[in-house]
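Protein chains: 2
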Amino acid sequence: MPVNYRTPSPEQLFPVAGVRLGVAEAGIRKLARNDLTLVSLAANARVAGVFTTNRFCAAPVVVCRRHLELGSDIRALVINTGVANAGTGEQGRQAAEQSCAAVGELLGIADRQVLPFSTGVILEPLPVDRLVAGLPSCVADLQADHWHAAAHAIMTTDTVAKAASRRLEVNGRTVTITGISKGAGMIRPNMATMLALIATDAGIATPLLQELLHAAAEASFNCISVDGDTSTNDSFVLIATGQAGVEFTAAAEPGYTALREAVIAVAVELAQAIIRDGEGASKFITIAVEGGRNRDECKRIGYAIAHSPLVKTAFFASDPNLGRILAAIGYADVDDLDVERLSVSLNSAGTEILVAEKGGRAASYREEDGAAIMQQAEIGVRVSLGRGVAKATVYTCDLSYDYVQINADYRS
Amino acid sequence: MPVNYRTPSPEQLFPVAGVRLGVAEAGIRKLARNDLTLVSLAANARVAGVFTTNRFCAAPVVVCRRHLELGSDIRALVINTGVANAGTGEQGRQAAEQSCAAVGELLGIADRQVLPFSTGVILEPLPVDRLVAGLPSCVADLQADHWHAAAHAIMTTDTVAKAASRRLEVNGRTVTITGISKGAGMIRPNMATMLALIATDAGIATPLLQELLHAAAEASFNCISVDGDTSTNDSFVLIATGQAGVEFTAAAEPGYTALREAVIAVAVELAQAIIRDGEGASKFITIAVEGGRNRDECKRIGYAIAHSPLVKTAFFASDPNLGRILAAIGYADVDDLDVERLSVSLNSAGTEILVAEKGGRAASYREEDGAAIMQQAEIGVRVSLGRGVAKATVYTCDLSYDYVQINADYRS
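Chains C and R, in that order, are what the protein sequence lines are. Residue 363 in my numbering sits at position 363 of the first sequence, and the numbers go up by one each step. Each position in the second sequence, counted from 1, maps to that position plus 1000 in my numbering.
Think of the hints as simulated: they come from the structure by calculation, not from any bench.
Under the rule of at most 30 Å between Cα atoms (straight-line distance), these lysine-lysine pairs were calculated in the DSSO-like manner:
#	chain 1	residue 1	chain 2	residue 2
1	C	K391	C	K358
2	R	K1358	C	K30
3	C	K358	R	K1030
4	R	K1358	R	K1391
If you want the ones that stay clear, here's a sample from chain C, every Cβ over 12 Å from chain R, calculated:
#	residue
5	R20
6	A102
7	G104
8	P127
9	A133
10	H148
11	N171
12	G172
13	T249
14	E261
15	A288
16	R293
17	S348
18	E352
Beta carbons: idealized from backbone N, C-alpha and C, even for Gly.
Here chain C stands alone, though its shape is the one from the complex (with noise of 0.2 Å):
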């Protein structure tokens, strides 16, 4: 179950002029579902991708670099779950070739105009002529209102389906925004996370798409973890189809800044839903770190306290056992940190408590205020650091049976 959020209906994800999306049920690692997704683009759209930092990054990810190197003007889309295409060595790189081929074909395209997206178990070969079977049926299913069916089609561990959509006012035209992701585990994205994929029908010239694609996973993706697990095929893509009739190639422009907020607030619902529904997750948890000498000294801290097992345990069992939030900022590899100038709250629905101050705790820090506050689904821990105005979030969730329980059995 996740904390506090549910997909929107089909009628709430509205189409973006010029992509198409179609599903499929190819079979490539369990029957009776759609694992296969088609995403075709108009011609004359943009396309940017920022993909995991992993060193054993998946075949896919890999071309799906050389193809964006080789040009912004992608026309398709394809993505299959079930298996990762990781860990396949050369194998797997003509598998995803392969794949791209199949599709350049059935859509009268370019192989390098394709970029290829796998989900699933690493180390085990694609099954790429199961694949390559499904496009017909893909191509078939090619329709501007099946973002519901594709948010269904690319999930794994995933137990509801994420998507996010919004529509405004840009230069008097209307301007959509729809956007999808995927993703429950191995979640430490670092660049982008397993699989987000956004569009607008706004036109955006590419180094300005790029910027945007960056900004937008710096501010979602790339502040969240379930597990700390950086994955092997970390993938966000952001399309700019520009149909609305509003085109912008320099971020100065009348009408961007509005546009720019809109795409980061899509990628930030995305990426929270993904903790939201991180496996296991009872509790929905964001940290706030400030006064660090720089984002990264912020980040840093964060993900220590996201990371630790012991202060997602403590989150799960609702204990105020708070001394564990004291011990991961002091191991987070921050230098000279003076422990005496840091204080540390915690807050939920507008209550915020004073927890530790002067390296101890709070004078008027009582337990069953800690408690009270432990017992609720959304949970704020704030850090402050005392050195300087930087500050990053951190989005993260508990650690629970379940969290063992799926990924003991995820193959199974």
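Please arrange chain R on chain C, whose structure you already have, making use of the hints.
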């Protein structure tokens, strides 16, 4: 239930001339258990210690460091369990100092000759009055053969007491080495573990003792991880009483190498015992990384595997979902790691199977072979990086329901 570990019997723990130990029920946090330990050292003993790198280090760690800077002629150690006296600010430091003063008065030694240690819950005040009130019982209980009782009195979430002892002939004299350790969670020492104490009746001059301390820590407590949480209280102390009639001042002296190796072996045994009794552990896992450019990158990869919740749950489930190991290697932050050159194998009880090479699954790998090894209680993972001659070994355990249960319930 620890993995293949049983506490040595009292008779298997040889007394160390010049060391006496006494325990008592001080009621620090729970009633009806020994929670206070006093170790009394004869004059002329030499003591060296290494401590946590956690910035939120506990008050007793601060006091230990200061007292050791003032001289290695330590005469007593006082250890309480139940409360860690960490995250306790100025009041915590006063409590640690009061403990030393009370011991000093009872034993007729200077405060600075006492080292204090605390283990237990962070952020709670140490009830120093109860600790001081328990000290006379400890003094009355002081005996050379109380190692077994002391090993039990320092436990927190440990399910078994940890101790190791051996005797060897050095230069015609019988030399004894006996040690105890505790720790089961918040275990990812960086300099030393939660609490370990090794004493020998050999004489070792202070500079040589320091070198041996660091070598032993690096080979043992700095190579283990249960959950990646570096504690606020990690402490490892090495004592040389000099009462066996052999004395060393330089490493090149005859007989020293044998003594050095025996001390390191005791440290490794104590460190492995902590992992075998890791919270919820059902598997003992040895991760050997070799062929690296330097030891640091080998350790980084070893710890990335050891800390991955996904790898740990796969071991718990006996599931050869070994792509998770590749993913962990890939995000271990080793620059320019060429995954085409590395190989990964699994081993247990003399059988070794190649899992991955050339960036993918080994052609010879069969799932049933992987499954057979994953069923074992003692499993080795060997990673060959193929880029140098450095190596490192990391010991860890799996992540089970019981880990979550223990840490969700710890304070209750």
